[in-house]
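Residue numbers (this note's numbering), protein chains in the order written: chain A, 4 to 172; chain B, 46 to 678.
Treat each hint with caution, since some may be false.
[What the hints assert, rightly or not] Below 27 angstroms or equal to it, Euclidean Cα-Cα: the simulated DSS-like pairs (lysine-lysine) are:
hint: 1; chain 1: A; residue 1: Lys51; chain 2: B; residue 2: Lys659
hint: 2; chain 1: B; residue 1: Lys659; chain 2: A; residue 2: Lys122
hint: 3; chain 1: A; residue 1: Lys122; chain 2: B; residue 2: Lys643
hint: 4; chain 1: B; residue 1: Lys610; chain 2: B; residue 2: Lys562
hint: 5; chain 1: A; residue 1: Lys154; chain 2: B; residue 2: Lys106
hint: 6; chain 1: B; residue 1: Lys378; chain 2: A; residue 2: Lys51
hint: 7; chain 1: B; residue 1: Lys269; chain 2: B; residue 2: Lys378
[To be verified] Covered stretches of chain B, going by a simulated chain A footprint (3 or more residues, C-beta under 8 angstroms):
hint: 8; region: 313-325
hint: 9; region: 354-367
The hints are simulated quantities; they were obtained by calculation from the structure and are not laboratory data. Keep in mind it's a predicted model, so treat the numbers as computed, not measured. Note that beta-carbon positions come from the ideal geometry of N, C-alpha and C, so glycine has one too.
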Amino acid sequence: MGEIAVAKETGAQPGAVEVDFRAIDDLIFTRFNGDKENIIMILQALNKEYNWLPEPVLNYVSTRLDIPLSQMYGVATFYSMFSLEPRGRHLICLCTGTACHVRGGQIIKERLEAHLGIKPGKTTEDMRFTFETVRCIGCCSIGPVAKIDEKVYSRTNSAAILKALEGYT
Amino acid sequence: MKIRSKDDLDKIRSKVHDSLYSPPCLKINVGMATCGIATGAQDTYNKALEIFEKEGVSVAKTGCMGFCEQEPLVDILAPGKPRIVYRHVTEDKIQEVVESYQKGEYPKKSILGQMKDPRSVLEDDIENPLRGAVPINGIPFLEEIPFFSKQLKIALRNCGYIDPDNIEEYIGRGGYFSLFRCLNEMEPEETIASIKESGLRGRGGAGFPTGIKWEACRKAEGEKRYVMCNADEGDPGAYMDRSVLEGDPYSVLEGMVIGAYAIGSNDGFIYVRHEYPLAVVRLVETIKQAEAYGLLGSNILGTGFDFNIKISTGAGAFVCGESTALMRSLEGKVGRPRAKYIRSVEKGYRDSPSTLNNVETWANVPPIISKGAQWYASLGTEKSKGTKVFSLVGKVRNTGLVEVAMGASLRTIIFDIGGGIPRKREFKAVQTGGPSGGCIPEDYLDTPVDYEHLAKLGAIMGSGGMIVMDRDTCMVDLARYFLEFLQEESCGQCVPCREGIKRLLEILTDICAGKGKEGDIELLEALSDTVVKTSLCALGGTAPNPVLSTLKYFRNEYEAHIYDKKCPAGVCKELFYYEIDEEKCNGCHICFLRCPQKAISGEKKKPHTIDQEKCIKCSICYQSCKVDAIAIR
């Protein structure tokens with residue numbers, strides 16, 4: 004449990020995360036029956052809760068479920084939805100599936116990169132936006148499609164998306 | 046209530062018949078799958094509730110009818126009136142649409158069609174509920190408009206016609222009678238024989254005969270067996286599984302219980318990708334209701350047969366659609382495929398015999414049991430039976446999901462059902478089978494679509510994505526695009542896939558950037574050959590297909606990139622520039638207004654010009670010019 008104590012100590016430092024270990028316990032043992040096989044879904048829930056996977060959280064889950072941290076790191080880096088870095092307040096998810104690609108998705112991507120000053124997978128310095136690309140969200144008939152947080156923008160273009168960004172602070 | 050007898054099913058069926066087909070008052074069905082919601086269906090639904098619920102009108106949600114181009118779609122029915130499907134019904138239009146319907150006015154502009162016969166393939170034992178309805182002159186029948194007339198809906202039979210969260214409506218459309226029949230009248234072996242005889246093959250892409258898979262799993266040694274549904278629909282450009290899960294999840298569940306009974310399994314999984322949150326929500330509700338009705342869980346239909354389903358969500362890895370990778374992911378591990386010296390039907394999940402079928406495959410099972418294997422086998426071609434759902438997307442007028450009997454030609458699908466290419470442009474190619482598939486050019490449009498014919502052309506059936514392309518798609522860039530996708534998604538454990546795809550991508554990236562050189566094409570071919578022959582799983586083994594098929598049919602485009610340093614489609618930015626054709630330009634000023642760089646100058650009604658220094662080739666002028674005056678040089 005040594006690592007958990009470290010996490011608590013660093014809790015006061017700027018930028019550190021406050022971790023609710025009891026809530027993690029509930030999640031692991033009540034919702035997911037303490038079953039190791041559910042590790043991916045446990046991490047999904049935690050990724051949603053914290054908006055990323057902070058190291059103290061991974062450490063704690065690793066200890067409680069007796070899964071080596073190396074294995075957890077493998078899972079967390081293999082699956083694209085997990086983030087090991089803090090993410091912004093809003094998530095821009097641009098679909099780069101084939102149907103969106105042939106309808107000009109690439110151009111939206113380039114203009115978003117230029118506008119935000121970041122590449123996909125990164126977060127703006129002011130923590131306002133994280134920009135990610137996703138390979139198809141299954142709305143191919145109404146592409147190009149982009150999602151900002153939970154709202155889907157269909158039949159869109161770069162000008163419309165840049166305008167929509169103004170509404171997210 | 047727990048359903049125990051056929052009588053119980055019949056009672057529910059007759060009970061919901063009215064709410065489905067002849068409600069006591071006006072009923073509004075709003076198509077609310079993800080595609081509908083993205084175009085505003087949720088707002089339409091809320092508005093309809095707000096205005097009309099107090100008048101006694103019932104407002105219901107359904108899945109997607111498939112004609113996504115026209116969404117939001119709203120289907121309105123009332124006693125003694127025709128049943129009409131309206132298109133593009135956004136929040137601001139719903140009031141007008143409903144009120145005009147109530148008054149008996151039918152504005153053609155907002156109507157997709159009037160229904161002739163809403164019954165599914167499983168309902169030929171009841172009379173057409175719309176018999177005797179007086180059709181309205183001048184409005185086409187939904188079933189006769191080109192998008193629908195050549196379709197045959199088996200897997201999509203209920204999508205858009207029922208409330209996906211209501212098990213009774215599924216039963217009302219003839220659901221669960223197949224399961225009843227299996228559990229009470231058929232032996233497991235008989236069920237397997239029936240699926241074998243039907244000729245059903247895996248709809249996820251590989252086309253392995255479903256009945257043979259079930260039989261092998263049943264016969265495999267092991268204490269426990271598992272039945273799984275692959276809903277990790279990763280192919281970009283394909284979304285039929287999402288639509289089935291969101292519009293008719295019970296069909297998948299019923300199919301899985303039948304499969305579990307045939308195989309002898311008591312535990313199942315549905316592995317669904319996290320990018321489909323609505324599908325997950327609907328599945329959770331579906332499972333709860335099925336358990337409450339005694340159609341899932343313990344003692345199903347009172348027969349003593351138990352089967353439980355657990356939902357597992359993928360976390361964003363394309364390779365997890367591969368069977369062995371999916372099973373590892375279910376075990377909570379990194380989803381790396383393994384070599385299949387031993388098949389999953391013998392040793393799969395937890396090293397136990399496991400059967401994995403795709404969403405669409407499962408949805409086909411209940412109709413086969415209900416209507417008989419011979420009926421199913423009578424549809425399709427010699428080796429590919431039944432129907433297949435395609436997602437018809439890209440540069441095609443009627444985008445959406447279409448289900449046709451196997452053997453329909455590409456031309457029928459793209460031009461008759463799809464309505465051809467928008468803006469009167471020419472067809473260039475259609476890409477089938479996702480990243481493992483290939484591009485098919487115009488010369489082969491009359492090819493019947495089935496597993497064998499597509500493979501012969503260097504493409505594959507895959508999960509059914511059909512991306513139509515016109516002159517604006519660069520085939521070299523498309524190959525580069527797929528390789529980029531596959532490079533990101535390669536799990537990295539075998540060298541041919543990890544390194545081979547990376548090198549292929551490097552060569553293609555160079556060609557697209559104008560750095561292509563003599564010998565590149567030959568190197569692509571040789572490297573592709575190695576990757577195909579030596580990769581561990583199908584992801585690597587099929588990865589070079591996009592390169593090989595574009596090289597086969599569009600070699601001239603590769604040559605133009607490498608030798609002439611030109612991108613004829615105007616996609617690869619280093620290899621073209623835009624120029625305004627003075628003879629065509631009518632000076633309408635639209636490009637001037639839309640150019641984000643202010644790179645275009647010119648007076649109204651006089652030819653404009655582009656400042657090449659400022660132009661970023663964003664294509665906005667090219668896309669918005671009405672007279673085609675922006676030329677690619």
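Evaluation of the provided hints:
For a cut-off of 27 angstroms, the pair hint linking A/Lys51 to B/Lys659 is broken: about 43 angstroms separates their Cα positions. For the proposed pair B/Lys659 and A/Lys122, the alpha carbon gap of about 23 angstroms is at most 27 angstroms, so the pair holds. Simply put, A/Lys122 and B/Lys643 have alpha-carbon atoms about 25 angstroms apart, close enough for the 27 angstroms limit, and the pair holds. Taken as a hint, the B/Lys610 and B/Lys562 pair is honoured in the structure, with Cα atoms around 10 angstroms apart against an allowance of 27 angstroms.
Proposed proximity of A/Lys154 and B/Lys106 is supported: the alpha carbons are some 19 angstroms apart, at most 27 angstroms. With a C-alpha separation of about 20 angstroms, the suggested pair B/Lys378 and A/Lys51 falls inside the 27 angstroms cut-off, and the hint holds. With a C-alpha separation of about 21 angstroms, the suggested pairing of B/Lys269 with B/Lys378 holds against the 27 angstroms cut-off. For the region 313-325 of chain B, the proposed coverage by chain A is satisfied: 3 residues have a C-beta within less than 8 angstroms of a C-beta in that chain, meeting the threshold of three.
Requiring three or more residues with a Cβ within less than 8 angstroms of a Cβ of chain A, the coverage given for the region 354-367 of chain B holds, as 7 such residues are present.
In summary, the structure is inconsistent with hint 1 from the numbered list given earlier, while agreeing with all the others.
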